[in-house]
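Q: Okay, here's what each chain looks like letter by letter:
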Amino acid sequence: MWNTVFPYLLSGISVGGQYALIAIGYTMVYGILRLINFAHGDVFMVAGILMVYISASGLPLFISIPLVLLLTSLLGYLIERIAYKPLRQAPRMSVMISAIGVSYTLQNLVLYITGGLNQLYPTIPWISGSVTIGSATTKVVTVFTPFLTIALVVGLVQLINHTKIGMAMRAVSKDFETSQLMGININRVISVTFVIGSFLAGVGSLLYFSNYTTVIQTSGAMPGLKAFVAAVFGGIGSIPGAVIGAFIIGIAENIIKGLDIILFRAGLIAKPLGLATFSDAFTFALLIIILAVKPTGLFGEKTTDKV
Amino acid sequence: MSNTTQKKTLSKEQILSAVIVLVFYVAVFIAEQTIPSTSMLFTVLKKGATYALVAVSMNLLNGFTGIFSLGQAGFMLIGAYVYAIFTIPLAQRASVYQYYNGGIVQTTLPVFIAMILAGLVAAFFAFLIGLPVLRLKSDYLAVATLGFAEIIRAVFQWDKIGPLTNGSNMLRLFPTFNDFNIRNASGEVTIYLSTLVPLLISGVCIALIVLLINSTFGRALRAIKDDEIAAEAMGIRLSSHKQLAFCISSFFTGVGGAMLAMYQTTVQAKSFTTAMTYEILLIVVIGGIGSVTGSCISSFLFVACSEWWLRFLDQKHMIGNFEVPLLRNGFRLVVFSVIIMIVVLFFRQGIMGTRELPDLFRKRPTDRKKGRGIKA
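Just so you know, the sequences run in chain order C and H. In terms of this note's numbering, the first sequence opens at residue 1 and continues consecutively. In terms of this note's numbering, the second sequence opens at residue 1001 and continues consecutively.
In isolation and in its complexed conformation, chain H is listed as follows (with noise of 0.2 Å):
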């Protein structure tokens, strides 16, 4: 998972790191087996697989390439978009697109065709706006993606392409992770896969953009963002791998944009706001800029926190008489903020710099990396 080292051979850090991953799954597994489907804990594994797969290609821009983009829901709201109108079976489109007369789509692709066909989509959305965009720096590259992504949302609702896109009304009825689960002729659940299968899929996706990352090209991107003008120098041609690494990850943001729409079972082109880009920029900095594993873990964490665990703090409390004051709905949002805010001041690192899992195993002295701050 790392190229500090350069033998051929997997390290003894490396193989502890895939046990550690290994043992993940078969407990996701067998708590998926035993335990009732709905514990919130397999609502916050989906959702974090969804955005840790959303999460880390954020990171493959603004972390090892140096691009900051805030299309990341303009992307996602694509993915989820094809996903769904190549998904929906033919017989539930006309009760769908009841005001188009069912639509103009009228094939229905597998599940995971049109999933790799949302990040294929994505990703040429990606190529061409990053044609006039990738030439700005920074901040502006950063605004004008942004304003891509509420054009993309403005467009998605016009009431004229409706028979493709279902106007400003929902999608829905297209297959979800609750059809992943293995049933029996009569209709019960006999193996539950619902929450394996979204992290097996974001796990393969993370995995080859882990691979992308450690190759050459990978390492091309770190050179372009530590200084574009050596990298030009040693040869490295910005405007194409900038223009490859955008289509990248756009297209494993597609992706995620599939499984998003799987995970909420209805998709609205007006729920994919910036804010939902906010958030998934939060989660790559809370896990640290340029780091992997940060990326998941804060992933989990982020939703763990939003969905699950400060949930309390939306609901009033008694003690005694003593009513809890403060608490109330919207309470657990301004208690994130204020996280978000000390991480974003004091903790600029976030939870694990640009350290990556096999690197916790390691001595401190090849600790060497942690020292290096966020480049701009």
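Isolated chain C (complex conformation) (with noise of 0.2 Å):
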């Protein structure tokens, strides 16, 4: 019975981190401007296109990877400077459809450079490698993944809870209008979450990628919401609460993917279900009984802003 669980555990926790790594870029932006950036699952999928193309010029990793980071994070930077910040004062309605739009152009865009087709993904040395423990053969991305989202958690809480801009974040996610007229640059602090955001997506797609080998436009869209989903689960504006709702997830889904091979195997059922279809499905159906149920998440601070 673990036998046949563990592979799936296992890829459930990595997933999770990667998706982690995204929904902290939702739940931050979240916290400061509540807004829900549509565009950052494919400021992700860029992420990963800036790769392919970056490693296939010739660079080497040690030079294309620090690269690609800086790519995402500029990109992260570039849309919050031309699509959200002329719409500050704005009903919320139109900058949540300028971020539609931003997911809309940023797809476009890929389509039109890659032409549509997979773009398949370079290999990293080491991290695609493959390692054996216990019952699971795996690449070591998937053992690395939950380390490096961890330990990259704790390095965003100490920014934030132990910097002058971590703080300025923290106060001008209290309150906006207050914490400008405290004398802090609320452009400079929007600014910084979006990069740091970005910088995320950046290393999450990294990760992500080099697991799924292949990149395409639309490859941003579902992990994109997924994170979304996890962010929301944690209760949004929580980061912890982000991290812990990803790796639920990530693991549910990858349980309900090998969920007739477990049934099968432990003798429950007598044939598949082909319950695998419904692993995209558990996610939004855990959203919607989130939102009806608790809708501030399981960390979310109390507010009736939500509902």
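It should be emphasised that the hints constitute simulated quantities derived from the structure, not laboratory data. Don't take every hint at face value.
The calculated lysine-lysine pairs, modelled on DSS-like cross-linking and capped at a C-alpha distance of 25 Å, are [said to hold, decoys possible]:
#1 Lys271/C <-> Lys139/C
#2 Lys1137/H <-> Lys85/C
#3 Lys257/C <-> Lys1270/H
Could you use the hints to bring the two separately framed chains together as a complex?
A: What follows is the structure, given as structure tokens:
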């Protein structure tokens, strides 16, 4: 039984870590701007495409990886400057529509550049290698992801709790107007938030696409939405919440993918039920349930803003 | 069409608008008999009619009630499937449901009844999903409805319900727009109606929505959009009004889905993606959130640009020996996205703002609504 479940659990934890890195971007932006950044999943996808093109140009890894992360952060910064900043005073619906517009633009731009074909993700030595743990043979990236995720999250929490810009972020997310009156440069704080979010999405894309090996213009949409659900599940605005939510969703999703085989080997069902179809649907069912039952999520601050 | 005139008799502007609509239909009828039916014009009109209906019903929620729903693709999927399942001729079922022994539904309904059924089933699902989801506010509601559409898409592809939905395989061979053409005994087309009928169906549905918007119920919806608390204080029951608006909008979206099935001639669950919802949302935004006329105009513009006028951007062009740079597959969509971003950022009113067709003929002073922005 354990031998059947373990590989799914392992890949669940790994995917969960990758979702966590994306979810942090959602949760931080929401905490400050009260905006669901629909384009965040596409930033993640663009990071994958950048890696494909940059490594095709023959640059060594120790240059190409930092370059990808730098360009992804820059992209996040530019999106905020071009598409969200002019709408600071506009109603929330307009900003959300703008975010959807950015998502549409990024996807079409990548479609144009790649010609709409699956791009083979470069293999990164070491993390693309395989490793055997107990009953499961998997890529090193699967084992490596949760540790890197947790290290980055710890670093981020330190940044938020112990630096000046972190303090400014906390102040802005508590009260936008008052923090402005206190002399905080709002635009700078927002830019930093987008840069951090995009940077983490870039790291997430390195790990995610090393695992899934191909990138196409739509491959950011699903992980993006799932990471968003994770952020809501953990309580939007809360970074530990987003991480825990992402791990839960990643594990649950992978267990459902393997549920047919698990139940079959356990002798509970005689023939496969095709339950793997529901691995995506489950995430959204979870979203609807959590919003209906506990809209603040697991660790969310108590506010009546959401319902 | 507009409720700014409270008189019972039709105003001059309204009559003028009605004439314009009538002239449009007559022009389409004449064009259809004279221009070869393979012309892109008819493709655009057919798809435009479908998108116009869906866009207007989305506008009913987003523009008039203030419910930011992104579940359109899900409701269209339901409508398209219900229509297709109930109209495939009995003789063809064995070949369509080849993996499921001809399927379990063994009745065939007339086209129009199947379309209404498509709407009703979509509305029923809207009722169920509305119970938990409509309690949520703006962006949470958006994501929950988006999630619902994804769930529907997954469920319809599940092979355990294959006898009903044909699993992840295509549904096909049901009546399409071309079956509206009147043929003589030898099978030759005598009167072309394949474009006019969809436009009429869509027109009738949109007219019903317009009547609804201008009724007491519609005014209650606008009150909810402007200020929920004030509306509640005026005695409007929020939950039941929102629920009803959601169901009505989904009904028409379902009918739109059935029309899309007819337009495409095949239905497959995997094509009803979030991108489809986004496209419709962008149509609504370009037309002007809160304007039925705007949604209709921008649907036709959007479809015409994406299917016809901007096609040249996808092909290589030579001027003498000079190859025009950038033009290759996909460039059309990039240009399109840029236009959309410009509209979203700088022309938030869209084409029409909140004005309707009759408002265009009024003199300036009655344009006071023009300054109103998009309300959250």
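Q: Would you mind marking each hint as holding or not holding in the structure?
A: Against the structure, the hints come out as follows:
Straight-line distance between C-alpha atoms of Lys271/C and Lys139/C comes to about 30 Å, which puts the hinted pair past the 25 Å bound. Of the supplied pair hints, the one linking Lys1137/H and Lys85/C holds, its CA atoms being roughly 23 Å apart against a limit of 25 Å. Distance check on the hinted pair: Lys257/C and Lys1270/H sit about 19 Å apart at the alpha-carbon level, within 25 Å; holds.
Checked against the numbered hints given earlier, the structure breaks only hint 1 and satisfies all the rest.
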